[in-house]
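Colleague: From just these sequences and the hints, can you work out the full model?
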Amino acid sequence: QLSPFKRPDDWVFASARRVGRQPCWPDSLLQKRVRPAAQAAGITVTIGWHTFRRSFSTWLEANGADLKVVQELMRHASLRTTMELYTQAPMGAKREAQKKIAEQIALV
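Note that our numbering gives residue 21 to position 29 of the sequence shown, counting from 1, and the numbers run on in steps of one.
What the hints contain is simulated information worked out from the structure, not anything from laboratory work.
Among the clues, some could well be false.
Unchecked claim - Distance ranges between label pairs, derived from CB positions:
(1) Arg72 to Lys(-2): 53 to 59 Å
(2) Gln90 to Arg(-1): 55 to 61 Å
(3) Glu88 to Arg(-1): 53 to 59 Å
(4) Leu99 to Leu21: 49 to 55 Å
(5) Phe5 to Leu65: 20 to 26 Å
(6) Ala30 to Lys86: 20 to 26 Å
(7) Leu99 to Pro28: 47 to 53 Å
(8) Pro82 to Asp1: 30 to 36 Å
(9) Val100 to Leu65: 37 to 43 Å
(10) Ala32 to Lys92: 19 to 25 Å
(11) Gln23 to Gln90: 35 to 41 Å
(12) Glu88 to Val11: 39 to 45 Å
(13) Ser47 to Arg87: 18 to 24 Å
(14) Ala8 to Ala32: 18 to 24 Å
All C-beta atoms in this analysis are idealised placements derived from N, C-alpha and C, irrespective of residue type, glycine included.
Modeller: Okay, here's the thing in structure tokens:
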């Protein structure tokens, strides 16, 4: 779909309300669209842009992506940033690991 805002002085990420004369502000999008949609879906935690980054990183890792690939897709200079601040171990993976240990203990 082509943008209706084609003039040289229109913004690339334009506000439809301002007919291309003003940018679409990310915080405005978050407040007016993303958070109400999350609330309507029953999500009670506060949603921010880093929520999406953390989810992306976690889903990549959970689906077997190489950690270096995750780091580069996240555009982090350090793998440490990716692993310590963004990627979380999925609950299912933690439960499975815990279950394996419990089964080994039960065999002793």
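Colleague: How does the Cβ-Cβ distance of Pro82 and Asp1 compare with 30 to 36 Å: does it lie in that range?
Modeller: 46 Å Cβ-Cβ, so the 30 to 36 Å window is violated.
Colleague: Could you say whether the range 47 to 53 Å given as a hint is met by the Cβ separation of Leu99 and Pro28?
Modeller: 52 Å, holds
Colleague: Could you see if the CB distance from Gln23 to Gln90 stays within 35 to 41 Å?
Modeller: 39 Å, holds
Colleague: Does the Cβ pair Ala8, Ala32 satisfy 18 to 24 Å?
Modeller: 21 Å, holds
Colleague: Falls inside 39 to 45 Å, the C-beta gap from Glu88 to Val11?
Modeller: Distance hint for Glu88, Val11 is violated at roughly 53 Å.
Colleague: Are Ala32 and Lys92 spaced within 19 to 25 Å by their CB atoms?
Modeller: 39 Å, violated
Colleague: Lying within 53 to 59 Å: is that true of the beta-carbon distance Glu88 to Arg(-1)?
Modeller: 55 Å, holds
Colleague: Using the C-beta atoms of Phe5 and Leu65, is the stated range 20 to 26 Å upheld?
Modeller: At roughly 21 Å between Cβ atoms, Leu65 and Phe5 fall inside 20 to 26 Å, so the hint holds.
Colleague: Taking the Cβ atom of Gln90 and the Cβ atom of Arg(-1), is their distance within the range 55 to 61 Å?
Modeller: 59 Å, holds
Colleague: Against the range 20 to 26 Å, how does the distance between the Cβ atoms of Ala30 and Lys86 compare: consistent or not?
Modeller: 24 Å, holds
Colleague: Is the distance from the Cβ of Ser47 to the Cβ of Arg87 consistent with 18 to 24 Å?
Modeller: 19 Å, holds
Colleague: Should the hint that Val100 and Leu65 are 37 to 43 Å apart at their CB atoms be regarded as holding?
Modeller: For Val100 and Leu65 the Cβ distance comes to about 42 Å; the hint holds.
Violation of the numbered hints given earlier is confined to hints 1, 8, 10 and 12; the remaining hints are satisfied by the structure.
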